[in-house]
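K.L.:
Here is how the chains run, residue by residue.
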Amino acid sequence: MQLSDLAARLDCRFDGRPDVEISGVAHLDAATSTDLALCAGGRYFESLPRTRAGVVILPLDSPAPPCAAIRSPQPYLTFARALALLRPTAAAAPGVHPAAVVAATAVLGPGVSVGPCAVLGERVQVGEGTRIYPNVTIGDDVVLGRGCIVHAGASIRERVHIGDRVLIHDGAVLGADGFGFVRRPDGVYEKIPQTADVVIEDDVEIGANTTIDRPPLGETRIGAGSKIDNLVQVAHGSHIGRNVVLAAQVGLAGSVRLEDGVVAGGRVGVSDHVTVGRGARLSGGTVVSKDVDPGDQLAGYPAMPVAQWRRASVIFRTLPALKRRLDALEARLAALISKEPQ
Amino acid sequence: MQLSDLAARLDCRFDGRPDVEISGVAHLDAATSTDLALCAGGRYFESLPRTRAGVVILPLDSPAPPCAAIRSPQPYLTFARALALLRPTAAAAPGVHPAAVVAATAVLGPGVSVGPCAVLGERVQVGEGTRIYPNVTIGDDVVLGRGCIVHAGASIRERVHIGDRVLIHDGAVLGADGFGFVRRPDGVYEKIPQTADVVIEDDVEIGANTTIDRPPLGETRIGAGSKIDNLVQVAHGSHIGRNVVLAAQVGLAGSVRLEDGVVAGGRVGVSDHVTVGRGARLSGGTVVSKDVDPGDQLAGYPAMPVAQWRRASVIFRTLPALKRRLDALEARLAALISKEPQ
Amino acid sequence: MQLSDLAARLDCRFDGRPDVEISGVAHLDAATSTDLALCAGGRYFESLPRTRAGVVILPLDSPAPPCAAIRSPQPYLTFARALALLRPTAAAAPGVHPAAVVAATAVLGPGVSVGPCAVLGERVQVGEGTRIYPNVTIGDDVVLGRGCIVHAGASIRERVHIGDRVLIHDGAVLGADGFGFVRRPDGVYEKIPQTADVVIEDDVEIGANTTIDRPPLGETRIGAGSKIDNLVQVAHGSHIGRNVVLAAQVGLAGSVRLEDGVVAGGRVGVSDHVTVGRGARLSGGTVVSKDVDPGDQLAGYPAMPVAQWRRASVIFRTLPALKRRLDALEARLAALISKEPQ
Numbered sequence: 164m165q166l167s168d169l170a171a172r173l174d175c176r177f178d179g180r181p182d183v184e185i186s187g188v189a190h191l192d193a194a195t196s197t198d199l200a201l202c203a204g205g206r207y208f209e210s211l212p213r214t215r216a217g218v219v220i221l222p223l224d225s226p227a228p229p230c231a232a233i234r235s236p237q238p239y240l241t242f243a244r245a246l247a248l249l250r251p252t253a254a255a256a257p258g259v260h261p262a263a264v265v266a267a268t269a270v271l272g273p274g275v276s277v278g279p280c281a282v283l284g285e286r287v288q289v290g291e292g293t294r295i296y297p298n299v300t301i302g303d304d305v306v307l308g309r310g311c312i313v314h315a316g317a318s319i320r321e322r323v324h325i326g327d328r329v330l331i332h333d334g335a336v337l338g339a340d341g342f343g344f345v346r347r348p349d350g351v352y353e354k355i356p357q358t359a360d361v362v363i364e365d366d367v368e369i370g371a372n373t374t375i376d377r378p379p380l381g382e383t384r385i386g387a388g389s390k391i392d393n394l395v396q397v398a399h400g401s402h403i404g405r406n407v408v409l410a411a412q413v414g415l416a417g418s419v420r421l422e423d424g425v426v427a428g429g430r431v432g433v434s435d436h437v438t439v440g441r442g443a444r445l446s447g448g449t450v451v452s453k454d455v456d457p458g459d460q461l462a463g464y465p466a467m468p469v470a471q472w473r474r475a476s477v478i479f480r481t482l483p484a485l486k487r488r489l490d491a492l493e494a495r496l497a498a499l500i501s502k503e504p505q
Numbered sequence: 164m165q166l167s168d169l170a171a172r173l174d175c176r177f178d179g180r181p182d183v184e185i186s187g188v189a190h191l192d193a194a195t196s197t198d199l200a201l202c203a204g205g206r207y208f209e210s211l212p213r214t215r216a217g218v219v220i221l222p223l224d225s226p227a228p229p230c231a232a233i234r235s236p237q238p239y240l241t242f243a244r245a246l247a248l249l250r251p252t253a254a255a256a257p258g259v260h261p262a263a264v265v266a267a268t269a270v271l272g273p274g275v276s277v278g279p280c281a282v283l284g285e286r287v288q289v290g291e292g293t294r295i296y297p298n299v300t301i302g303d304d305v306v307l308g309r310g311c312i313v314h315a316g317a318s319i320r321e322r323v324h325i326g327d328r329v330l331i332h333d334g335a336v337l338g339a340d341g342f343g344f345v346r347r348p349d350g351v352y353e354k355i356p357q358t359a360d361v362v363i364e365d366d367v368e369i370g371a372n373t374t375i376d377r378p379p380l381g382e383t384r385i386g387a388g389s390k391i392d393n394l395v396q397v398a399h400g401s402h403i404g405r406n407v408v409l410a411a412q413v414g415l416a417g418s419v420r421l422e423d424g425v426v427a428g429g430r431v432g433v434s435d436h437v438t439v440g441r442g443a444r445l446s447g448g449t450v451v452s453k454d455v456d457p458g459d460q461l462a463g464y465p466a467m468p469v470a471q472w473r474r475a476s477v478i479f480r481t482l483p484a485l486k487r488r489l490d491a492l493e494a495r496l497a498a499l500i501s502k503e504p505q
Numbered sequence: 164m165q166l167s168d169l170a171a172r173l174d175c176r177f178d179g180r181p182d183v184e185i186s187g188v189a190h191l192d193a194a195t196s197t198d199l200a201l202c203a204g205g206r207y208f209e210s211l212p213r214t215r216a217g218v219v220i221l222p223l224d225s226p227a228p229p230c231a232a233i234r235s236p237q238p239y240l241t242f243a244r245a246l247a248l249l250r251p252t253a254a255a256a257p258g259v260h261p262a263a264v265v266a267a268t269a270v271l272g273p274g275v276s277v278g279p280c281a282v283l284g285e286r287v288q289v290g291e292g293t294r295i296y297p298n299v300t301i302g303d304d305v306v307l308g309r310g311c312i313v314h315a316g317a318s319i320r321e322r323v324h325i326g327d328r329v330l331i332h333d334g335a336v337l338g339a340d341g342f343g344f345v346r347r348p349d350g351v352y353e354k355i356p357q358t359a360d361v362v363i364e365d366d367v368e369i370g371a372n373t374t375i376d377r378p379p380l381g382e383t384r385i386g387a388g389s390k391i392d393n394l395v396q397v398a399h400g401s402h403i404g405r406n407v408v409l410a411a412q413v414g415l416a417g418s419v420r421l422e423d424g425v426v427a428g429g430r431v432g433v434s435d436h437v438t439v440g441r442g443a444r445l446s447g448g449t450v451v452s453k454d455v456d457p458g459d460q461l462a463g464y465p466a467m468p469v470a471q472w473r474r475a476s477v478i479f480r481t482l483p484a485l486k487r488r489l490d491a492l493e494a495r496l497a498a499l500i501s502k503e504p505q
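Protein chains in written order, with our numbering: chain V, 164 to 505; chain A, 164 to 505; chain Z, 164 to 505.
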């Protein structure tokens, strides 16, 4: 693709010969003359003078690079879009593979592709252009919207309802039973049937081997635009708002509520029935067991403001020294008091 | 179902017109006149006066609701059973789907169902009424008892032995190799073959994408009635007693022993060769690296009594202030001593 | 197998009758006269006098057992090799099962076995003797080396490159999209296409339901001989060196670099762009957010030297008592000062 064409598609201005030919994308320090690279700021500028890239995406006001440039007010965003243009993913051919097993009552929209050994249950509905990879299992009465992708080995249980453009990675499990039991006086646990449903709104991404459980009543819901990484546990009855980000290995207990725009780092844990307010940010590993106010930034276990956690953690390491100082103070004070005139 | 009929099946007495018709189940504040709802106590009573439910399950001695009532000494348990009656899950039709692959030497009991693309190896035995969902893989010589359910994509490796009424969720892996290697002097790891087996006793539930490994010798065993949530790791040679509860993302290292009735909250970790005594309770996130006495209630990392952990955690946040007080004390004491007559 | 034959194959000397017949392997305290058992040192010696094993593997210089002995300078290693001899795993028969779906453009080496409902995409290459279990999905252009084993339900996405003798357990996902998004000013996240590849070098083992993501650029790489346990997350662009060990539930964020010989215990977490130096050891649960020097042994969150963490943790439990001592000191000092002549 020529520079002028690429810049036009990205809706950006460019510096350099319009006919520079770009065929690949690479890191700034690995790029060659036919590659596009990103220089978003900060440390990137150290590599910029030596780059051999053909074209670099740069902030609007940064100095000229040793090559052609595409200027953007949001270099990361422009780069993400350029990647999609220059390295398009191969789409599976539409159609149902002969080794797929699709119930006669299932309804597939135009352009749907279903891979070998994918199994679609009774009354499943699949929207236009949705791609279902091999060995996926879709239970009875599932609704899958348009333009979704369901990767290999994922399992979508009965009656789960999925919006448009949802991307589900390999091995993810949507709609398995929530973990609910009643303990009898004799110590035996009886199962609470998990009979309600899971709703995934539009534009959600769900990572590999992530699990999202169904509740006994009500629903488990993932709001539009939310992004969930791998190996995340979302328990029964949790409600995740819009544009929420959950990094890998996060665990949400039952009936958790995450309001819009919450960001949780890797392995954050949230106890049952806790609400995390709009836009709150939880550092990796934070464990939240009480409600969190909107916009709060927390860390630690139990969770506290991130600055407080950092300061306390610094002191934690020195606890043995603090204890010795306390021992010494007590001894000196005792000595002093013993010398006092009675 | 009519109230009188429902109450009879639940073995409970009721207040109200016996012919009240109940067709659904809902939360107290979302229920309508044909719904059953639960009022188990505590906060539930706040919603009770305004409920529009047709029937409410109540403790024996609680005041009359604005609707019909089913009275129970164990409202949660009665509710769980009512859910099973009012929202029965659709059972797969018995029979082996033509797209299933079942070895000629496998033996299936009466009423077994095997879904499309499920694969059963040589000499597999499956008990009466067990249901195997699509894309499940069952290795050679596996024994599966009666009334089990194995959901889509689960993998049960060779020779795993599973009792009756075991419920295995999607993507669970039973019998993969334990993680055992010997480090050679040159830094290379040689594998210790993991040749022994996994035994799952009756009435166990295993969550989605949970992994239970086989050991080199001896066995890995999950005791009757134990309930394991999603994304849990049970390493080689661990022995879990009866009626043990492991919440999501728990990790047990090799040769751990959990005695009967142990309860572990989300993401508890237990180090190898540790024994946790009967009925001990480990709060979410607790990391146990030494044996735990029966009945102990622990939290924290390293684990300590939960009350001690709570008190220490409260002080942890204030460590910077404590350090400043210590600094000030030292300064004041030094000043005092310098004023002392020599 | 006779003792003399077994010892010869293990390249060890033995004490006892050369024709002792060994058919099984067991723990020292469970072994019978036809079993081999291991006595590696330490606590093993407590059980040694009472063992009924036919043959025991012993350190070179340890006292004579009540049975025949195989002497080894590395008893664990010898035992691992003996297990492989005495309990060989049944290999799947070579050949492509009729219910497998292999693209016409795929190229399979001699002796390859492909189980039912395994799906191999276009231009996949599979090396000699590699075994692919049922319900595995292998995407287009994947290269799999010789002597690999891919267990049931694993998913290997497009273009992943895998060396020789790699062992992949059930449900593992290699090459799903890294978790990368750009947040737009309106709060919506746009996906950064994850278009680059994953490389797994020779002799790697990957645990059940573990996930290894592909990056947008560059590569994610697992070095030769590294061993990864179950439910581990390796994010996009991480580089793992040779002979690295990651126990279960470890999580590596994006662009992490683990040098050769790093050992991480269960549930270790490493923040993005962090380098962990050669041979460093991270105790279970350690969270590393800064670079780690070669050979360091760390624990805690944030990570610190393991001895420091242990000492600080001991004091942590006593924080309430320390605070009370500080309170008392302040009171006594204040009393003392008030008595001072002004």
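Honestly, the hints are just simulated from the structure, not real lab data. There's no promise every hint is true.
You can't tell identical chains apart in this list, so a pair holds if it fits in one copy or across any two.
[Claimed, not checked] Result set (DMTMM-like, lysine to aspartate or glutamate): computed pairs, CA atoms no more than 20 Å apart in a straight line: (1) LYS354 / ASP423; (2) LYS486 / ASP303; (3) LYS354 / ASP304; (4) LYS453 / ASP304; (5) LYS453 / ASP224; (6) LYS354 / ASP174; (7) LYS354 / ASP454.
Predicted model only: the values in this text are computed from it and were never measured.
K.L.:
Now tell me, hint by hint, if it's right for this structure.
P.N.:
To see whether the hints hold, each was checked on the structure:
With identical chains, the CA atoms of LYS354 and ASP423 are at most 20 Å apart between copies only, with a shortest distance of 18 Å across copies and 33 Å within one. With identical chains, the CA atoms of LYS486 and ASP303 are never at most 20 Å apart, being 63 Å at best within one copy and 60 Å at best between copies. For the homomeric pair LYS354 and ASP304, neither the shortest alpha-carbon distance inside one copy (24 Å) nor that between copies (30 Å) is at most 20 Å. In this assembly of identical chains, the alpha carbons of LYS453 and ASP304 never lie at most 20 Å apart, being 37 Å within a copy and 49 Å across copies at closest.
In this assembly of identical chains, the alpha carbons of LYS453 and ASP224 never lie at most 20 Å apart, being 45 Å within a copy and 32 Å across copies at closest. Only between protomers do LYS354 and ASP174 lie at most 20 Å apart by alpha-carbon distance; the minimum there is 18 Å, versus 56 Å within a single protomer. In this homomeric assembly, LYS354 and ASP454 never come within 20 Å of each other (Cα to Cα): the closest approach is 28 Å inside a single copy and 30 Å across copies.
In this structure, the earlier hints numbered 2, 3, 4, 5 and 7 are contradicted, and the remaining ones agree with it.
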